[in-house]
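**Student:** Protein chains in written order, with this note's numbering: chain A, 1 to 312; chain B, 1 to 255; chain C, 1 to 305.
Just so you know, these hints were derived from the structure itself, not from any lab. Don't take each hint at face value.
[Claimed, not checked] SDA-like, lysine to any residue: derived pairs with alpha carbons at most 20 Å apart: (1) Lys30/A to Tyr202/B; (2) Lys19/B to Lys262/C; (3) Lys19/B to Ser279/C; (4) Lys34/A to Phe204/B; (5) Lys80/B to Ser136/C; (6) Lys256/C to Lys270/C.
A quick note: this is a predicted structure, and the numbers were derived from the prediction, not measured.
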Amino acid sequence: MYLQIRKNFFSIAPIVLIILCYSVVFGLQKHIDKTPKKTPIFSDISYLPNGTFLKGLALSYDEALADLLWIKAIGFFGSQGVIDKKNEKLHVLINIVTTLDPLFQYPYEFAGIVFSDDSKTVDRSIEILEKGIANVPHKDRRYWYLPFFMAYNYMHHKEDYLMAAKYLEIAASFPQSPPYLPLLVSRLYANSQDPELALPFLQEMLASADTPERIAELDKRIKDIKIKQHISVFNTAIKKFHEYTGRYPTDLKELVGANILKSLPIEPYGGEYKIIKKGIVQSTSDVDDLNLHLDKKTQETDQPLIFLEEPK
Amino acid sequence: MKKIAVLALNTFRESIRDKIFYSLLAFAVLMLGFSLILGNLTIGDEIKIIKDFGLAAISLFGVLIAIFVGISLVYKEMEKRTIYVILANPISRYQFVLGKYLGLSFTLMVEVVVMTAGLFVLCYLKQQLIPWELFMAIVPICFELQLILAVALLFSTFVSPFLSGMLTLAVFIIGHLTLDFKVLVASLDNPALKKTADVLYYSFPNLETLNFKARVVHGIDIPWTEFIFSLSYAATYTIMILALSLYIFNKRDIR
Amino acid sequence: MSTAAISISGVSKTYRTGFWGKKFVALDALSLSVEKGEILGYLGPNGAGKTTTFKVLLDLIRPDSGTLSIFGDPADQKARERVGYLPENPYFYMYLTAEETLHFHGRLRGMKGEARKKRIPELLHLVGLEHAKSRSLKKFSRGMLQRIGIAQALVNNPDILILDEPMSGLDPNGRKQMRDIILGCRDQGKTVIFSSHILSDVEIMCDRAAIIRQGKLQEIVQVSEMLDNKVAHWEITCSSLPENSPYEDCIVHKTKNQILLKTNGEVEAKKMIQKIEESGGRVLSFGPQRVNLEEFYNQSGKEEK
Chain A
1 MYLQIRKNFF
11 SIAPIVLIIL
21 CYSVVFGLQK
31 HIDKTPKKTP
41 IFSDISYLPN
51 GTFLKGLALS
61 YDEALADLLW
71 IKAIGFFGSQ
81 GVIDKKNEKL
91 HVLINIVTTL
101 DPLFQYPYEF
111 AGIVFSDDSK
121 TVDRSIEILE
131 KGIANVPHKD
141 RRYWYLPFFM
151 AYNYMHHKED
161 YLMAAKYLEI
171 AASFPQSPPY
181 LPLLVSRLYA
191 NSQDPELALP
201 FLQEMLASAD
211 TPERIAELDK
221 RIKDIKIKQH
231 ISVFNTAIKK
241 FHEYTGRYPT
251 DLKELVGANI
261 LKSLPIEPYG
271 GEYKIIKKGI
281 VQSTSDVDDL
291 NLHLDKKTQE
301 TDQPLIFLEE
311 PK
Chain B
1 MKKIAVLALN
11 TFRESIRDKI
21 FYSLLAFAVL
31 MLGFSLILGN
41 LTIGDEIKII
51 KDFGLAAISL
61 FGVLIAIFVG
71 ISLVYKEMEK
81 RTIYVILANP
91 ISRYQFVLGK
101 YLGLSFTLMV
111 EVVVMTAGLF
121 VLCYLKQQLI
131 PWELFMAIVP
141 ICFELQLILA
151 VALLFSTFVS
161 PFLSGMLTLA
171 VFIIGHLTLD
181 FKVLVASLDN
191 PALKKTADVL
201 YYSFPNLETL
211 NFKARVVHGI
221 DIPWTEFIFS
231 LSYAATYTIM
241 ILALSLYIFN
251 KRDIR
Chain C
1 MSTAAISISG
11 VSKTYRTGFW
21 GKKFVALDAL
31 SLSVEKGEIL
41 GYLGPNGAGK
51 TTTFKVLLDL
61 IRPDSGTLSI
71 FGDPADQKAR
81 ERVGYLPENP
91 YFYMYLTAEE
101 TLHFHGRLRG
111 MKGEARKKRI
121 PELLHLVGLE
131 HAKSRSLKKF
141 SRGMLQRIGI
151 AQALVNNPDI
161 LILDEPMSGL
171 DPNGRKQMRD
181 IILGCRDQGK
191 TVIFSSHILS
201 DVEIMCDRAA
211 IIRQGKLQEI
221 VQVSEMLDNK
231 VAHWEITCSS
241 LPENSPYEDC
251 IVHKTKNQIL
261 LKTNGEVEAK
271 KMIQKIEESG
281 GRVLSFGPQR
291 VNLEEFYNQS
301 GKEEK
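Whenever a hint applies, use it, and build me the whole structure from the sequences.
**Tutor:** Below you can see the structure in the form of structure tokens.
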């Protein structure tokens, strides 16, 4: 009897111990995960040697190493958001990753977008996108995004519309690119300073944005541009109204009534458009100045004005 | 207890006579060579790089030894049929396994101590300062090595050395990647992948919790609670793996 | 009630070989007991389950059913203190010297330092390895390993010896020494069970012999009784046979000037001698031949088939 108990004890004890240990391990793991680590995972990144040096060290596993660093980068930027404003670490990391595996498209695109947020870092965006355009195989399904975002950089930050149109043409030559691109190119050549030209770019960026912060920010930029665009259409319409009737409308609905506008647009933030003094329209929501002087470049056409539909 | 000690000492003796400690020579050469090269190629903070590489080398050599020697712990005894004579003695299976484990773990610790001393000497020569704070990284490395050794032992109780080597290496690599994987997947919107990441995360040891290297080298304060929790995590995990090995080994027929 | 030194009752063990597990019955309800102070020879063809029996006794292999006891107590870790084991072709840690090996095993048997220091030189002397005591086992021959094996089994002076093929790998001189050691153990009151394929050794040393086939105990032979009582046949050696003698069938072996004849029954044999001498032949030798184990063993094997 005693022996039986002893035997059973020795066969059960390890199982009990295993279960006990695992619950402790699980608890500790949860606890450790809860306490936030002060240092970002990439505190050390600036010490990483440059990509060419690493390429030697990687012992022919360059691509795997690139992927590994890339996964770390995405995880880090995804979870903690961008910590330093100038994205120093991302810049270092992207340089390494793109040197280790120059054919890897996504890092170029990711960095190209992140760095184009700010006119201070736009040169980095251009530099990285150039590297990508030179290296990524043209077969890549997302290749066209690189010249596409390049065009955005030149148009929006550099105000170099010719360069923008050139890159956009490259993007448009890829079959995967959206069908409205050629139209955009011609508009860019014809009237380079139309604010609504930024709209498709932003919409494309929104589609590939992956953090809530970025999505919210891009969304705001799109709405702001829409308001500007709406106001510019209103201004043109009011001018026409003035030509036809010799007076300024007091209500925007008069424009529809006079068959100059087909309908009134919806204010993206949920506010409304009003005529504040003769011929000047404003939104009830505050809009950042987009640095574009709308009244100077209104278009003279006889066609009824329509509001630009969102692409796709 | 005494018999465990006898077995452990004998295992230690085995590692001495099998000339495992020659690997220390490789460590010395690597460290010296590296610091000499860096002397010519200085990119700013040389001592920092020496510390980084020193710690990396200690960890890497330790892991290699733990895997390569650990995997043959039990299996080799069966293959070479030395186990019959040993287990025919009045010792129990658990005494045998623990004795073997402790002997090797002692070997590993001696290796780490010697390598640490080597690193300190190098730092002292460069800087006239002994970087005692590196112990905050080396102690967790020791715990990690113990855990890896236990994993190697576990596999060695039921599969061939080659396979258990591969498996242990896989556990080592996955153990360092699960955290990244989990963080990465958390930002995606894929419940199935999230579940997989969670399962992986909680079924493999999270070896990243024991990685204090970067913070130690940069002199960033490590909260004591985190340090203690990480060490107890590793220790408990090691005990669990050992218990599992004992359980498996105890059921085996030594044919 | 006197308890047997070793008692095995109803022990079965089935192995699964390979991954999908073809079943192989190694022991089939085996019952056997070894009395205190006897030497039991354990016989059987290869793969009959001899080694498995020993391993089950030493808890190296866990039986599916049945009980094992040593001096009435279960055959567990504690009981192994009274058992010395020499495996078939023993393997040791090659990095140890002969002396270190014995110290190591002594420690594992819980022997104190002083006891070991006294015992180990004695053992080295007993097995004739004094000259090689500080040589590493790497440099040992098969026979020397066998000697170290028996020394290790005897290190704490156990009451029971389990020897798996103790004679294998030994030269004739070594075999004699091993025999002497085993017989010496009996004189000290130890119980010995050993397996062997060398039947003459079993004949010389054993009190009883157990024959196992296919995991089942087939027969237990009282070796001394068998040798005492049974005369199997009579043998006559002569220089020549009479012409056209009716004994051509009896010839076992014939050389140029010797003929060996075999016959059952004493009367028959005497008649033969008479005939031979009448025809002018010379009888060189004449005597009864006892049953030997080999015949017995072979016979029991035939019956099985």
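**Student:** Output the indices of the hints that this structure fails to meet, ascending.
**Tutor:** 2, 3 and 6
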